[in-house]
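Protein chains in written order, with the numbering used here: chain A, 1 to 329; chain B, 330 to 417.
Just so you know, these hints were derived from the structure itself, not from any lab. None of these values were measured; they are calculated from a predicted model. It is possible that part of the hints are untrue.
Calculated lysine to aspartate or glutamate pairs in the EDC-like style (CA-CA distance at most 16 Å, straight line) [stated by the list, open to error]:
| id | chain 1 | residue 1 | chain 2 | residue 2 |
| --- | --- | --- | --- | --- |
| 1 | A | Lys-86 | A | Glu-112 |
| 2 | A | Lys-5 | B | Asp-367 |
| 3 | B | Lys-359 | A | Asp-163 |
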Amino acid sequence: MADKKFTGLDLLDIDLKEHNALNLRCIGGRKGLTREIQSQDLNRPGLALSGFYDSFAYQRLQIFGRGENAYLRKLREENKTSTLAKMFTYQIPCCIFTHNLTPDKNFFDLAEKSGCAILQTDLPTTEFSARLMRVLSNIFAPMVTMHGVLVEVFGMGILLLGDSGVGKSETALELIERGHRLIADDVVEIRCMNGNFLMGAGSNKIIGHHMEIRGLGIINITHLFGVGAIRDKKQIQMVVKMEEWDSNKVYDRIGTDDKTMDILGVQVTMLEIPVKPGRNVPIIIETAAMNERLKKMGYYSAREFNQNVLKWLESENARSLYFGQDDTI
Amino acid sequence: MVEHVVTIKNRAGIHARPAALIVQTASKYKSKILLRKDSDTINAKSIMGVLTLGAGYNVVIAISAEGEDEAAAVEAIETLFNNKFEED
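So that you can see chain B by itself, here it is in the shape it has in the complex (with noise of 0.2 Å):
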């Protein structure tokens, strides 16, 4: 298993858009992907879970992924929130 923390620096958080470039990256591979809040842990493949976190700026996840493709998932995910999600 490979576990990254990040933290959104975008400042609208994670919103409609956000979360469905997440699920389309996570739903690229194979591996079993989790995001994890404080103590709410949701499917990185599904966009209403993504949604539900309820992250906002500042706030840090942790992204774990598990299967063959867990180093590449999670280095995927980080780009994205690294990048702002092509925002701001």
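One chain only, chain A, in its complex shape (with noise of 0.2 Å):
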């Protein structure tokens, strides 16, 4: 994640589809809301409110499920906040209640005291806690900001990269109109994603999906193409390196060794690709998306070339041995 800070509004703000909506809101402690949250893991607080404070870990999310809130029912019965009073000493991101439970009054007025914020979801401890690991992880992900394209071509997300002014941009357009997809232009923000791929996204949802084309300006590729020519967002599975045709760097002929390029500590394939007037770009990196997806599917195009190079090679040899028309054996 980036330096910016993630705060439990951030947390509320979030917006999240259907199975990974966590139903969130806020029930008290409003101004703990700018508390910024730390640490991406959860703790139930069952040992710290028994009254065992050693190795506690205020700085996660408190997760209070049926236990927690029926023990805080006892204790309240018994008179015991003293243990309670002792966690909210603590600098608590804050505390979430599950099953639209409840806390009472004297628990309101210590969070409010201390500055933590009391948020509620309806969703079962168990189920919330896989959704909020998942959102957390996410958002605690390491990213890089990157110059370039993505695109998604027959189905494979596709990083453009080059200098400025190389042509990047209207590949992508030749691409998106003969039906490919665009999802971000210009700047990409690449998270590594459970330490082994990447996900690429645009960086603002308001002003992404426009591309800025020389000699036409900004323009909308939604309105343009319609909604079937964008995506918000596409693992990284390969990535194209536009540049300059240099008449002195040895280019890649055959195909046979896969380049790699490392991103957040994740190697996807690269490909570079030089310009120049007359190389249609859109059609090499259409032919490249799907030989990337033979290799995927177990066939290299040529290795199993050379392989057939290879037998040829021996055949004819052995044929021309066969019928002595070699002077030379």
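Make one complex out of these two single chains by using the hints.
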């Protein structure tokens, strides 16, 4: 995640759909919503409530389920509120009650005083914890912003990189015209998920899915090509580096060696495609996408081709030996 | 590398026209020029990038450049900011 602080307010604000929705709302301690959430872990404060505060993980989000709530009720009936008061002497980012449970007034007062927000959700504890962990691990995932265009071609997420003016946007436009999709132009936010794959998205929803084309200006892809031409996010499966044709540089002519690029510790297949007038880059990228899919299925065009060449040389060799056509042997 | 910090002084902030001015100016130089707001860093030669910064009135931006003409590049862009992008 970037250096920006992630607070309780941001947690309430996250726009999640259907099976990911957290259904959170704030029921108390509103001032505490601006407190930063620093840890992506959760804690059930059962031990703390019973008075055991050794290695209490106060920096985590505290989840109160039915068990904790029942214990709070018992504490109240027995008038033992000191352990609860002690809990709020720690800087807790926020308390979350599941099952639509509501704590008593004393709890609200203590939370308010210590500046800790109380949130509530209607979800059961286990389901809520699973969703929250998923959400937080995405938010706290390492992130990098790259200058490039992210498109989806035949289902493959392809990141186009290259210097300004090399024609990334024009290439992406042609790909969109051919029925592929735009995820982000110019500024691509890349997150490393689960430590093993990269998710790319635009950095700003409001001004997303616009492109700047030299000579045209800023165009709205959603309006021009329809909602089918865009996507919000996509896994990055291939990087295409576009560069001006350099006659001194050796470009891959066979394609048996896979080059990779390191982004946030993940190795992504990389192609270097030289650009010069008359070369149809979009078609090359389409073909590269299909070729990459074949490779994922286990079929390597270049290697297979080389195998055939070897086989043929072998059989030619054997034939010439048999017929004795070759005088040199 | 040269880095200068400026504050946006025109009321409207960096909208389309100032962004275009920045990009046009930046593109004249060979150096790699970056703009930074808080933790976001973007390429000053990309219009969508500059707009995505969402830099409004009184926001502090760090201009940095690296390359053969870095000093001149930062100076030119700083002048744009100080002239309020010829607005107001």
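With a cut-off of 16 Å on the C-alpha distance, tell me whether Lys-86(A) and Glu-112(A) pass.
-> The hint holds at about 14 Å.
Are the Cα atoms of Lys-359(B) and Asp-163(A) separated by 16 Å or less?
-> Holds, at roughly 11 Å.
Is Lys-5(A) within 16 Å of Asp-367(B), Cα to Cα?
-> 11 Å, holds
Violation of the numbered hints given earlier is absent; every hint is satisfied by the structure.
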